[in-house]
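If you read the sequences in order, they're chains R and E.
At position 288 of the first sequence the residue is numbered 976 (the numbering used here), and the sequence of numbers has no breaks.
At position 125 of the second sequence the residue is numbered 1205 (the numbering used here), and the sequence of numbers has no breaks.
Hints in this document: simulated from the structure, not taken from any laboratory.
Bear in mind that the values here come from a model prediction, so they are computed numbers and not experimental data.
Mixed in with the good hints, there may be bad ones.
Here are the simulated EDC-like pairs of lysine to aspartate or glutamate, each with C-alpha atoms no more than 20 Å apart in a straight line [as the list claims (entries may be wrong)]:
1) E:Lys1350 - R:Asp739
2) E:Lys1350 - R:Asp755
3) R:Lys702 - E:Glu1090
4) R:Lys859 - R:Glu901
5) R:Lys859 - R:Glu877
6) R:Lys859 - R:Asp883
7) R:Lys859 - E:Glu1090
8) E:Lys1301 - E:Asp1322
9) R:Lys859 - R:Asp801
10) R:Lys859 - R:Asp847
11) R:Lys702 - R:Asp755
12) R:Lys859 - R:Glu849
Covered stretches of chain R (in silico footprint by chain E; criterion: 3 or more residues with CB under 8 Å from a CB of chain E, positions within the stretch not fixed) [stated by the list, open to error]:
13) 756-770
14) 773-784
15) 928-934
Computed far set for chain E versus chain R, every beta-carbon distance over 12 Å [to be verified]:
16) Val1101
17) Val1129
18) Thr1184
19) Ser1233
20) Arg1248
21) Gly1283
22) Leu1286
23) Gly1297
24) Lys1301
25) Ala1346
A virtual CB, placed ideally from N, CA and C, is assigned to each residue, including glycine.
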Amino acid sequence: MIEARDLTKQYGDKTAVHDLNFTVRPGIVTGFLGPNGAGKSTTMRMIIGLDAPTSGRVTVNGRQYRDHRAPLREVGAMLEARAIHTGRSARNHLLAMAATTGIGRRRVDEVIDLVGLHEVADRRAGQFSLGMGQRLGIASALLGDPATVMLDEPVNGLDPEGILWIRNLLKQLAAEGRTVFVSSHLMSEMALTADHLIVVGRGTLIRDVPVAEFIASASSNSVRVRTPDPSRLRALLTGEAVSVSSSTEGQLDVTGLSTDEIGLRAAAAGIALLELSPVQASLEQAFMELTADAVEYRTLSSSREEVAA
Amino acid sequence: MSTLANETYEARVVAASEPGVTFSGALSSEWIKFRTLRSSWAVLLAAVVALVAIAGLIGYVTGSKWDGQLDPEDRVASAPLQGLFLAQLLIGVLGVLFVSGEYTTGMIRSTLAAVPRRLPVLWAKGVVYGLVTLSTLIPTTFLAYGVAQLFLSHFGHSTSLSAPTAFRAVLATGIYLALVGLLGSALGWIVRSTPGGISLLVGLLLIVPVLLEVVPGQWAKDISHYLPSAAGASFYSSLQADGALSPGAGLLVLVIWVAVATTVAAFLLKRRDG
Ligand SMILES: Nc1ncnc2c1ncn2[C@@H]1O[C@H](COP(=O)(O)OP(=O)(O)OP(=O)(O)O)[C@@H](O)[C@H]1O
Ligand SMILES: [Mg+2]
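With the rest of the complex left out, here is chain E (with noise of 0.2 Å):
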């Protein structure tokens, strides 16, 4: 490894005993580069906060108003977590500038000249921003959960993890914010552009849904269940709302979306010029 002063390279063989490319140096890299960024960690604990202020806020509003007016859909053990809508699109918005990032700055081409059959940067990226995400997420609401219940039982009130649908709905919103950075992501590798990959994301996330309501028409309601944000609500939420997907299928409709995106993400990424 070391330069030896009197070393010819002339003829110089790269020995087998030296390491080459490996899927695991490439998940390393991918590491490194994401905690070496400071935007990284600030957007991840803005995520972080979003969810737990949130979670506490509607804890003390619903546990102050317990006996009034509430409707039922504020009294499930998810309803503190809508801090989720904020989460959403800062955990998307990282996926995006994990990628567009490079691409702004010009850091593709040593990432793509060290890694050049270049797929392998693209799982590893995945898997990097994947594991992040899920690692602080999951942990985060349920966090969230215990101080919205830290306020209800200031009220005397509380909801319990163990109802039904509690569990698997704290549980989902981690999943779902996950998934929300991989599409992110992938939507980056799509578009090159910081810009460009948040407009597409926040296009499919929030504008488009609203677009479909406002569309007449049976078909664009039935369709808007399929939406990534719909589908992951269905996913989460401890109720079902009408016509929509089943927890189950919410789930396998978002890693559709997730698992369609990468492809063209992997497609054009083997495809273009760097």
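Isolated chain R (complex conformation) (with noise of 0.2 Å):
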């Protein structure tokens, strides 16, 4: 369980994270949401005590994470940044982060067959690639067997097979009733993996909901319809609960109405329909205006685009 208060977090005069308040729950996968620069990394090292919040808290299994005797063993957290030295083997490596804890060597040979490493444990992590990379992050994180397991985009760089990996680990670890609470840029990624969803943007909290919710409200079912016919199309179709709009010559977007019902009506009023067919909104084109105003970093042709509009 992780819970943020009020937490707010400020390098010089830039608002990093800005009056956050959430709480991440055990047993489901959360995802963390939202564009480059909203401050999801910044929120994870806050969590950890890497960096110390300007203002507000955020605790751990009810308390900040240093006040805990034995933090490996509450939380296991990888993130964005490499955390490794690269002169070290990943057995090393996972065993000198053990020994602080009292950590035995048995689970440190458990996490590495656990994460696939055996092969290359006693190789320099400098020489790792990406993928094995993570892996190690990931072992580390486990090491201690914690309720709470933090990962700040695990699947970066991972080819499909690590990105399979990773998001049937973290349900498995879910479904054991850990807190497990993941970063990710993806919403799509996030649709497969996560149940509950934070989104944050310009380091404020956007939404908290479920991720079925999220779905079902970002896809705003409509059908698109094409006719000879669009005015007697609209005024047949047009009534409670029922949009028709028009952005082109002869087509109309209808929510509210299925294909057949659309289908079926037109056909009694004898209208012609040259296209009928369901459009579902992406997640990703609901994440994007979900965001909109909270993206940081936005591509130049994107903001003309937008002065266009």
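Each of the two chains sits in its own frame; use the hints to bring them together as a complex.
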């Protein structure tokens, strides 16, 4: 369980995290979503006490991280930036971490096997590929068999097999009753993995919703209809809980009616339909709309489009 | 400890029987970190070789010139330990690296996540590095002394450890080097970068003394005795230079340097974002 209360972090005059309030609950995967620079990594660093909040506080299992007797057994974290000495082997890295908290050699071997680094455990971490580095980061996070696992963009740079592996691992950890908190830029990835979403932009909380609810609200399913007689069809379809709009000549976008209903009504009225197709807004689209105002580093072309629009 | 298949973590409370972070845990972690980097042993070995090889060389040269125009200071027991000028740089740099390496690689984030109270890491690193350097370098200085004796005796000369200042001088050389190592570590914590730490160290040990020498005025000479290198020299030299501190005072001043640098390091470590 992670609880943030009025959590704020400023670097100079730059506010990276602003008055964040959220609770990450056990037993589910909670996705932490936001565009670049939204403050995800900063929040995670504050959770494990690497950065001190400017104001507010964040606790894990009821206490500030550093006040725990055995922090590694409470929270296992993998941060975005590499946190491993490149000159040391994976095994020795884990042994050094484990020694601080009296975690035994057997557990080190266990997590090495768990993440599939058995073959390369005695190689210097500097020679690891991105994926192997991520696996070692996850091994470090699981070292203390913690009830709370926090991973900053674990799928970054992974191949499809690695992504699938992480997805299953996260679900399994949550199924064991752990608190799982994972950041990502990718709504589509979180839709597959997470049960709950915390969306931030420019350091502020935008949404704190179950994934299912987000998807339902996001997919304002509409139907695209093309017809030679748009004005008659529009009059026919418009009604309570139905909205019809038109962006192009001869095309209507209808929300609130299914393709079947539209087709049957048009047939009954003798209106020809040239196209009748459901349009589902993608999750990524919905996410981008949600955070549009909060995007820190937009590309030149997308800001131009916005000016033009 | 092990992951039981149907254990639920939801209500998991870390049992009192499961060990927490202890100072001895931090110590053993730092010892693992030190000994599992190849650079640790390479640099330490270089320092040992420098001390012994240079002692042998000096023993040979002084032995062969003993009856010629040899200055009295070249005849004292500690004279062959000149390798310390190279060794102090190696040991100091290794001290910087032991800390700055964590920052340059990002390892510090793992370290501070494991020990979020932070200061135990600083103390543990100091204890580990101090013990490693003392336990290798004190025997090394005596070995170096012995090797010099071999060469001297080849020419029929010798100095003796039982000479009034000889034993102290040889012992002090090892202690001086260990203290320079700790000074390097403290600088590593303060600047968190390898080039920065090394520059500071070299500046303090080699450049500031030269600068003070060229500055006109007695005050510069007076304070130069309190620099780490000069205070150290008072401590390890058999002969006391003009106006220099006594050996005991030299040691004290050196320890104060290390203590002040370490205190600044501790303050910054506690305060700064990791
Ligand atoms: N140490 C720091 N000093 C100054 N500014 C910082 C620091 N760390 C982060 N920031 C700023 O705070 C903001 C939030 O950064 P953060 O890395 O937390 O975002 P993020 O959501 O993790 O982004 P990304 O998705 O790119 O990883 C950014 O504008 C960043 O430039
Ligand atoms: Mg980030």
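Going through the numbered hints above, which ones does this structure break? Give me the numbers in ascending order. Of the numbered hints given earlier, those the structure breaks are 3, 11, 15, 16, 18, listed in rising order.
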